[in-house]
Amino acid sequence: MVDILEVKNLKKYFKINSGQLHAVDDVTFSIQKGKTLGVVGESGCGKSTLGRTVLHLLESTDGQIFFDGEDVTHVDAKKLRKLREKMQIIFQDPFSSLNPRMSVSTTIAEPLELSGRFGKAEIGSLTDQLMDTVGLAPRLRNSYPHELDGGRRQRIGIARALALEPDFIVCDEPVSALDVSIQAQILNLMQDLQEKRQLTYIFITHDLSVVRHISDDICVMYMGQMVEKSPSKELFKNPLHPYTKALLSAVPVPNIHKKQERIILKGEVTSPVNPPPGCRFAKRCRYAAEGCQAPQNLTEVSPGHFLACHRYQEID
Amino acid sequence: MARKTAKKGKGAPANAGKKESMLALTWKQLIRNKMAVAGLILIGVMAILAILAPVIAPYAYDKQDLYHTFLGPCREHWFGTDNLGRDIFSRILYGARYSLSIGIAAVAMSLVAGVSLGALCGFYGGKLDMILMRVLDVFQSIPGMLMAIAVSATLGPGLRNCIIALSISSVPGYARMMRASMLNIRDMEYVEAARSVNARDGRIIFRHMIPNAMAPTIVQATMGVATAILVAASLSFIGLGVQPPAPEWGAMLADGRNYIRDFPHLVMFPGIAIMLAVLSLNMLGDGLRDALDPRLKN
Amino acid sequence: MSKSESKRLLEVKDLTVQYLTGEEVVEAVNGVSFTLDRGETLGLVGETGAGKTTIAKSILRILPDPPAKVAGGEIFLDGEDLLHMPESKMRTIRGKKISMIFQDPMTALNPIFSIGDQIAEVIRLHEKKLSKKAAYEKAVAMLEMVGIPGERYSDFPHQFSGGMKQRVIIAIALACNPELLLADEPTTALDVTIQAQVLDMMRKLKEELGTSMILITHDLGIVAEVCDKVAVVYAGEIVESGNLEAIYDHGSHPYTKGLFGSIPDIEGEEKRLSPINGMPPNPADLPEGCNFHPRCPYATDACRKGKIPFTEVAAGHLVRCVQAQKGEF
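Protein chains in written order, with numbering that gives the first Met the number 0: chain A, 0 to 315; chain C, 0 to 297; chain R, 0 to 328.
In short, the hints are calculated from the structure, not lab data.
Keep in mind that the hints are not guaranteed to be accurate.
To be verified - Pairs of lysine to aspartate or glutamate residues, derived as DMTMM-like cross-links and limited to a Cα-Cα distance of at most 25 Å, are as follows:
| no. | chain 1 | residue 1 | chain 2 | residue 2 |
| --- | --- | --- | --- | --- |
| 1 | C | Lys27 | R | Glu23 |
| 2 | A | Lys14 | C | Asp64 |
| 3 | A | Lys85 | A | Asp61 |
| 4 | A | Lys85 | A | Glu69 |
| 5 | A | Lys77 | C | Glu188 |
Looking at chain A on its own, in the form it has when it is part of the complex (with noise of 0.2 Å):
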């Protein structure tokens, strides 16, 4: 299997009033053709940043980016509209990433507009298809987004992502702000979609569930750094980082037989500007030693499962 994107040391800072804020530092992954990475983590931690960074809607700071075995890193603007054709992206807020002023139809044309691969008769039926892949009724053709509910609206943002047949798709918590019942139907579209189309997904959430039900690999950041990566059954068997630990035992199960352990988090978060080197978990962290102080290199310490964490052999 071929790698479809490869990102090496990936960084992202913005620089703000009281100094750097160091979003996305140092990720590296690869993911293959036609599989699903999840990556997971709590607010703040640099996840949407790395999904933007990679598609060139934020600069990178330092790191390489290749797409399909090309160093994309630094493109100029006519690569770039090449590049985004490839690469798409769908939002998490189904209620802000729609123009409130373009019909439905309209919203998902625009890419095949702006693409001037097609004639206007070609744009109306791919918009026709396009609809009715996603599962949206004909008749909402010229409806407006505020007369949809969050499940359609997202169907609408589906479709213009896909609209260009791209290979490679950044998922931006696609499912978070729609109830349970709506977000199984995304969900199933979303597999049925990547079936179908050989799709690649980047799928960024902070729901451990979705994410392991729709992942093949999963990567967990907390403050901007990645601490764990490894198959998505692998990590849920076998959690080593400790926060990876007590980021699985504090979600709730629906489930009344299952009482199970919680690992309750103390202490502070270490702010990430100008964060000191060393494991930014440690402040938490109640196995926390002298070592953590040091830059803690990402390690494969099993095939495919890779580790931030000098002490993962002390704890448990």
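Chain A is already provided as a structure; the job is to place chains C and R on it using the hints.
Just chains C and R now, kept in the frame of chain A:
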């Protein structure tokens, strides 16, 4: 180049169809509001009267009749006559042409300038924003009335200069308002979405941002017409606006003020005309504010 | 009789709430009934717009009127009729006997007062005789109870993280030792690890103070952890209610089953979810018969006519479904 025109050709018809139904929605919302409808009807009637002035007016606006000066309202002269025996009703009708067109033209000019400046500043930010906004700050620090007086004193009195004077003083207000809405909208995900499907800056600004940022500015502009009519009246009042014998309402007020004790109808009728125009525009503006709020459209 | 009366804290009977918007009448809550004993926690589960928050707000009588209107039903707290009580008396109940926690911790605190002062203010509002100093001391005690050091009394909301702010809000809600706490999605805006802290704290407080609670949420995981009994709300109606076991192990209503089928199981191996088809109905235009029948895979003609009554399938386990009437589960 060819690609660009092709794009325009494709975009335009779809655009037109969509715009209409959005307008229709706003319209539906607007006519539900009784106050707004009243304002709309009132301003509509005034506009029609202004357009039809030559047909309706019983006399020419500058026709003097020195034998019948200072007549009170009577059958021949509904609103009476002034110090030169001119028919006040006819002058009010003709005056509507001046006052309304001054108001609308001044607002249109400042709206175009203000919206473009504000949109540029809000979208690009940075140095351009800094410099343009400081320049506008300087303009805004001069009171609007003083500014209008200074400009018309420099350019000389007259209709055209009056419009220019009025529009310059209200550009900063529109620019600021537009900039603020643009800044809000710049962070919306649909703008990012447009960028992710390869939309260029121009398209993002005109297609995605300005239509969504316009609502507060449009409301402000409606009320701005009323303000412009008032300032134009004040300019004429001090002799810097439209020149006699043109029957601008403010000029009529100014002319009549010497006789206010004995013949109050000389100032009363133009005063009422100004008041009605301002009131109806404000009512319409209030209604528009509600109608343009997408949250209320369900 | 008298024994059960002293145990029972809240009784809601046939509550009906309508929103009157322009031409149409939106039936937000239709004939909702439930009871809550002292020290008990009830979970109201349902999707956006199901009417959960409206139920809570009508208990506290803080629905915006107009457009909302309680069109029928009764609410008794300790045997006192809340809906027909004069507003002045209701004011002594709000905050003192019943208090509410809202979803968004970011906007529920006033940014210009210190958090301690905000707690003390609520205390003094309800215990007017209390001296400033006593109120201060009580506020400090409340802060420490929710796990915030008392030294942070004079800190301002912006100096706290989301989870800490939600603790402050809980401290305010509990400041007057209410008998009933209405918690509307109290942890939805929080991260999972912070949510775990807050839920943990709420559970401990409940045990210590014996407060009854109505927890409104869409998360069946949280209900499993915190609640004693559950009412599943769909389109303004309770469609199923019972204790945890009844709902989680013997959930019978097709909607309840659908909800469970929609959640990806964090331990399971299933490849595809089984979502509920279709969308929740428009509350201004509810379907005839069972509200759920257009989305229900088991719908029959009997479901499309008339109001479906509750059937008690086991002791205390009520299901509003035709199938249950026939005893087909």
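Against the structure, the hints:
no.: 1; hint: C:Lys27 x R:Glu23; result: holds, 17 Å
no.: 2; hint: A:Lys14 x C:Asp64; result: violated, 76 Å
no.: 3; hint: A:Lys85 x A:Asp61; result: holds, 23 Å
no.: 4; hint: A:Lys85 x A:Glu69; result: holds, 13 Å
no.: 5; hint: A:Lys77 x C:Glu188; result: holds, 23 Å
Hint violations for this structure: number 2 only, all remaining hints satisfied.
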